[in-house]
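Student: Put together the whole structure using the sequences plus the hints.
Here the protein sequences come in this chain order: A and B.
Here the first sequence is numbered in this note's numbering, starting from 1 and rising by one per residue.
Here the second sequence is numbered in this note's numbering, starting from 1 and rising by one per residue.
Hint data in this document are derived by calculation from the structure and do not stem from the laboratory.
Note that CB positions come from ideal geometry on N, CA and C, so glycine has one too.
Among the hints, erroneous ones may be present.
Just a sample of chain A residues kept apart from chain B, beta carbon distances all over 10 angstroms, derived [as the list claims (entries may be wrong)]:
| # | residue |
| --- | --- |
| 1 | Lys28 |
| 2 | Gly39 |
| 3 | Val78 |
| 4 | Thr102 |
| 5 | Asp164 |
| 6 | Asp193 |
| 7 | Met275 |
Simulated DEER-style distance windows between Cβ atoms [claimed, not checked]:
| # | chain 1 | residue 1 | chain 2 | residue 2 | range |
| --- | --- | --- | --- | --- | --- |
| 8 | B | Asp14 | A | Phe251 | 46 to 56 angstroms |
| 9 | B | Met344 | A | Ile108 | 27 to 37 angstroms |
| 10 | A | Glu110 | B | Thr233 | 19 to 29 angstroms |
| 11 | A | Phe251 | B | Gly288 | 47 to 57 angstroms |
For lysine-lysine, the following DSS-like pairs were computed, each having C-alpha atoms within a straight-line distance of at most 25 angstroms [as the list claims (entries may be wrong)]:
| # | chain 1 | residue 1 | chain 2 | residue 2 |
| --- | --- | --- | --- | --- |
| 12 | B | Lys197 | A | Lys72 |
| 13 | A | Lys98 | B | Lys197 |
| 14 | B | Lys332 | A | Lys12 |
| 15 | B | Lys332 | A | Lys72 |
| 16 | B | Lys360 | A | Lys12 |
| 17 | A | Lys15 | B | Lys359 |
| 18 | A | Lys12 | B | Lys362 |
| 19 | A | Lys72 | B | Lys362 |
| 20 | B | Lys89 | A | Lys12 |
| 21 | A | Lys126 | B | Lys195 |
| 22 | B | Lys277 | A | Lys15 |
| 23 | A | Lys98 | B | Lys195 |
| 24 | B | Lys359 | A | Lys72 |
| 25 | A | Lys169 | A | Lys296 |
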Amino acid sequence: MNPIIVSDVYKKYGKVQALEGVSFEVEKGEIFGIIGPDGAGKTTLFRILTTLLIPDSGEALIDGHHVVNHYKTIRNMVGYMPGRFSLYQDLSVEENLKVFATIFDTTIQENYHLIKDIYQQLEPFKTRRAGALSGGMKQKLALCCALIHKPAILFLDEPTTGVDPVSRKEFWEMLKKLRDQGITILVSTPYMDEASMCDRIALIQGGNFLKIETPTNIREQFKKILWSVQSSRMFPLLKDLRKYHIVKTSFAFGDTHHVTIDQSGEDYVSDQLTMDYLRRYLEDKGHTEIMIQPIKATIEDCFMELSH
Amino acid sequence: MIFTQKEFYHIIRDRWTMMMLVALPVLMIILFGFGITTEIKNSQFAILDLSRDVATQGIVNRLEASDYFTLEGYVTNTSQIESVFREGKIGLLVIFGQDFYEQLVRTGEAQIQLIADGTDPNTASTLVSYATSIIRGYQQELTASDQQGVPYQILPEVKLLYNPTMEGAYNTVPGVIGMILILICAMMTSVSITKEKEMGTMEVILVSPMPPLLIILSKVIPYFTISIINLTTVLLLSVFALNVPIVGSLWLLVFISLVYIIVSLALGLLISSVVEKQLVALLISAMGLILPIVMLSGLMFPVENMPIALQVVAQFIPAKWYIVAVKNVMIKGLGFSSILKEFMVLSGMGLIILTISLKKFKIRLE
Numbered sequence: 001m002n003p004i005i006v007s008d009v010y011k012k013y014g015k016v017q018a019l020e021g022v023s024f025e026v027e028k029g030e031i032f033g034i035i036g037p038d039g040a041g042k043t044t045l046f047r048i049l050t051t052l053l054i055p056d057s058g059e060a061l062i063d064g065h066h067v068v069n070h071y072k073t074i075r076n077m078v079g080y081m082p083g084r085f086s087l088y089q090d091l092s093v094e095e096n097l098k099v100f101a102t103i104f105d106t107t108i109q110e111n112y113h114l115i116k117d118i119y120q121q122l123e124p125f126k127t128r129r130a131g132a133l134s135g136g137m138k139q140k141l142a143l144c145c146a147l148i149h150k151p152a153i154l155f156l157d158e159p160t161t162g163v164d165p166v167s168r169k170e171f172w173e174m175l176k177k178l179r180d181q182g183i184t185i186l187v188s189t190p191y192m193d194e195a196s197m198c199d200r201i202a203l204i205q206g207g208n209f210l211k212i213e214t215p216t217n218i219r220e221q222f223k224k225i226l227w228s229v230q231s232s233r234m235f236p237l238l239k240d241l242r243k244y245h246i247v248k249t250s251f252a253f254g255d256t257h258h259v260t261i262d263q264s265g266e267d268y269v270s271d272q273l274t275m276d277y278l279r280r281y282l283e284d285k286g287h288t289e290i291m292i293q294p295i296k297a298t299i300e301d302c303f304m305e306l307s308h
Numbered sequence: 001m002i003f004t005q006k007e008f009y010h011i012i013r014d015r016w017t018m019m020m021l022v023a024l025p026v027l028m029i030i031l032f033g034f035g036i037t038t039e040i041k042n043s044q045f046a047i048l049d050l051s052r053d054v055a056t057q058g059i060v061n062r063l064e065a066s067d068y069f070t071l072e073g074y075v076t077n078t079s080q081i082e083s084v085f086r087e088g089k090i091g092l093l094v095i096f097g098q099d100f101y102e103q104l105v106r107t108g109e110a111q112i113q114l115i116a117d118g119t120d121p122n123t124a125s126t127l128v129s130y131a132t133s134i135i136r137g138y139q140q141e142l143t144a145s146d147q148q149g150v151p152y153q154i155l156p157e158v159k160l161l162y163n164p165t166m167e168g169a170y171n172t173v174p175g176v177i178g179m180i181l182i183l184i185c186a187m188m189t190s191v192s193i194t195k196e197k198e199m200g201t202m203e204v205i206l207v208s209p210m211p212p213l214l215i216i217l218s219k220v221i222p223y224f225t226i227s228i229i230n231l232t233t234v235l236l237l238s239v240f241a242l243n244v245p246i247v248g249s250l251w252l253l254v255f256i257s258l259v260y261i262i263v264s265l266a267l268g269l270l271i272s273s274v275v276e277k278q279l280v281a282l283l284i285s286a287m288g289l290i291l292p293i294v295m296l297s298g299l300m301f302p303v304e305n306m307p308i309a310l311q312v313v314a315q316f317i318p319a320k321w322y323i324v325a326v327k328n329v330m331i332k333g334l335g336f337s338s339i340l341k342e343f344m345v346l347s348g349m350g351l352i353i354l355t356i357s358l359k360k361f362k363i364r365l366e
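Tutor: So, in C-alpha cells, the structure goes:
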C-alpha cells in the first residue's frame, strides 16, 4: 500500500473552496512535488494530510491510517515542516533541536546520522539564536527538527520560500539524500524551476490538480510550438505580441517572453515562414535587436498551458 | 522536562517579560501600599462630653496638645452627630458617657466612643489609632499615679461612620496580591500559548506524539513557579515594608493562594484556547480580568457599597473571593473554617474553568 493515498478531498473555508476534489497517491521513497502559485490550496492539503484539518469530504490515508480517525498514529510517524518559519526564535540552534527531539520522544544522538550532513553546516552557529539565522540556515534547521525523529513520511510545505538560490539547491540535494534512505517526501513549492528536482509532480491551481506526471513527461507532452522572443524594449514587446493574431499566448519569463503559436488558423504556413512574419511585424512596430528562438517547454510553460 | 525549561528560556530571554514579571509586583505593592498612606496632622475633631469631669478634660487636653488633632468644638447632644460629620469639618468625634470619672474610679473601667469618618478609611483608621494610643497613655499615667495601684482601664469603642467594616485600609495588600497573580498566571499563560499559535510552532507540536495535556502542563508550570516567587516577594514586602502583618496561619494563606493561582492559570488556558492572536489574548486578559478586579473585587471600592447589579457581577470574580479569604487569614487571623466558603467557591470556579479549557483545547487547527 502506498504511504500517501488521497481520494477526492474537498475543503472549504467559509465561501472559499480551497480544495475541489483532489486525488493522488505517493509511492514509497519518492519525492512528490505539489507545484502551484500562492493560494492554490497547497497548505490546506498539507494540513489535512498532517491531521491538522478535517476534510469536508473525501478520504486520505497516511501509511494506511485514516487522517481523521487515526490522527494519533499519524502524528507519531510523520515529520512536518510548515510554511512559516516555525522554530523558537529565542532559542539557540542546539536548543531548538533538543526541544523538538524531546517532543518526539527521542534524542539528538539517536538519529544523528539522518541529520548529520545538514547539521554539520549549522554546527558553527549552534549557540546562535534561531531568530538571528539567515533564511537558508533557518530552513535547514527546520528540516533537522522535522527529521530528528526519523519519520517515515516527510511533509515539507514550501521549504524553500524566501531562501537564496544556492541554499535552495543545497536543500534539494539534501532531500534527494533523504529519499535515498527510504523516506517518502511530499513537498510543495511555488517555484516552477524546482519541479524538475521531484520524481513526480502535481500541478495545482484553484484547489484542482491540473496534472500528475513526472517532470520530464509533463514537458514532453507539451505539443504546441513555443518560441522565446526578445527585443530591446521588452514591455511594449509583450503588448505587441499579444496583439498579433497568430500568437496564441504570450507570457513574460524572466528576461524573455514565451509565445505559443496558433497552428490551426490559415495564416499559419510553416514554422520558418511564420517566424519571419512575426519578425517583420515586430520591426514594423519599431522593435530592434529582435531574437526569436524555438525552445523546449519548461514546467512553467506547461502550467500556463494547463491552467488556461 | 525540557519543554518546561524551554518555557523558562522564553521568559528569561525576553527582557520585557522578565521585567514585567519581577518588577511589576514590587512596583504595584509599593505604589498601592505607600501611595495611600497619608500623613495626618492637625486633623479636626469634636467632643461630645456628657460628664464634663476631670478625666474627660484630661483626655481632651491631651488630644488637643498632640500634633495630630485640633479641637473643632463641642457637640451638645447625640442628634448632632450626623450633621457634624455631614458638614465634613471633622474626621473624628470623641464621646464620653455620663459619669465617666466616677465610673472609672468606682469600677476601674470606663468606656469611650470614637466615631470616625469612614469614607476615607485609611485616614479614619490612622486617626482612630492615634487617638487610641493617646487615650492609652492617659490611662497608664492615671494608673501610675494611683497610690493603691488599681489598674484603670479606659476602653475605646471604635465606630466608623459610612464604612463600618473599614474596607480599604488593609485591603491593598490582599487586593494587589489578587491582581498580580491574575496578571501573571492568566495573562502570561494565555499570551505564551497564543504566541505558539501565532509563530506556527503550535502546528509542529500538534503534529507530534505529545499529548495535549502535557503541552498544557509544560506551559503552565513556569508561570506557576513564577507566581509563587511573586507571592513570596509580595508577602515579604507587605510585612517588612508596609508593616501589614500576617496575623493568621502562613500555610493557610499559601494554601488558599495556591487555589487562586490554579484558578488564574485555568483562566489563562481558557483564554488561549479560544483566542488565536497574542494581542487579543492580552486585551481580553487586561479588559476582562484585570479591570474587573480593580473595579469590582473590593480592591478600590467596597463591594457592599455597589449597586446590586454590580454586586452580582462581583460574585463571579475569583479575586473577590480570594481577597476576602486573604483578609480573613492574613489580617484578621481567622482559621480555615472562616474561609471555607471562599475555598469552596474558588475550587468550584477552578474546576469548571479547567474542565472547559481542557475540553476546548484544540487538537487541530480549527
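Student: All hints are to be evaluated individually against the structure, with a verdict given for each.
Tutor: Quick rundown of the hints versus the structure:
1. Lys28: 20 angstroms, holds
2. Gly39: Correct as stated: the minimum Cβ-Cβ distance to chain B is 17 angstroms, above 10 angstroms.
3. Val78: 7 angstroms, violated
4. Thr102: The claim is violated: Thr102/A sits with its nearest Cβ about 4 angstroms from chain B, within 10 angstroms.
5. Asp164: 21 angstroms, holds
6. Asp193: Asp193/A is indeed farther than 10 angstroms from all Cβ atoms of chain B, at 26 angstroms.
7. Met275: 50 angstroms, holds
8. Asp14/B <-> Phe251/A: 46 to 56 angstroms: 47 angstroms, holds
9. Met344/B <-> Ile108/A: 27 to 37 angstroms: Taking Cβ atoms as reference, Met344/B and Ile108/A lie about 49 angstroms apart, which means the hint is violated.
10. Glu110/A <-> Thr233/B: 19 to 29 angstroms: Violated, at about 42 angstroms.
11. Phe251/A <-> Gly288/B: 47 to 57 angstroms: Check passed, 53 angstroms falls within 47 to 57 angstroms.
12. Lys197/B <-> Lys72/A: Holds, at roughly 20 angstroms.
13. Lys98/A <-> Lys197/B: At roughly 20 angstroms apart (the allowed maximum being 25 angstroms), Lys197/B and Lys98/A satisfy the hint.
14. Lys332/B <-> Lys12/A: Given pair Lys332/B, Lys12/A is violated - Cα atoms ~61 angstroms apart, limit 25 angstroms.
15. Lys332/B <-> Lys72/A: 53 angstroms, violated
16. Lys360/B <-> Lys12/A: 22 angstroms, holds
17. Lys15/A <-> Lys359/B: Violated, at roughly 28 angstroms.
18. Lys12/A <-> Lys362/B: 19 angstroms, holds
19. Lys72/A <-> Lys362/B: Measuring from Cα to Cα gives roughly 14 angstroms; hence the hint holds.
20. Lys89/B <-> Lys12/A: The given pair, whose Cα atoms are some 72 angstroms apart, is violated under the 25 angstroms limit.
21. Lys126/A <-> Lys195/B: 24 angstroms, holds
22. Lys277/B <-> Lys15/A: Given pair Lys277/B, Lys15/A holds - Cα atoms ~23 angstroms apart, limit 25 angstroms.
23. Lys98/A <-> Lys195/B: 20 angstroms, holds
24. Lys359/B <-> Lys72/A: 17 angstroms, holds
25. Lys169/A <-> Lys296/A: 22 angstroms, holds
Violated hints, in rising order: 3, 4, 9, 10, 14, 15, 17, 20; the structure is consistent with all others.
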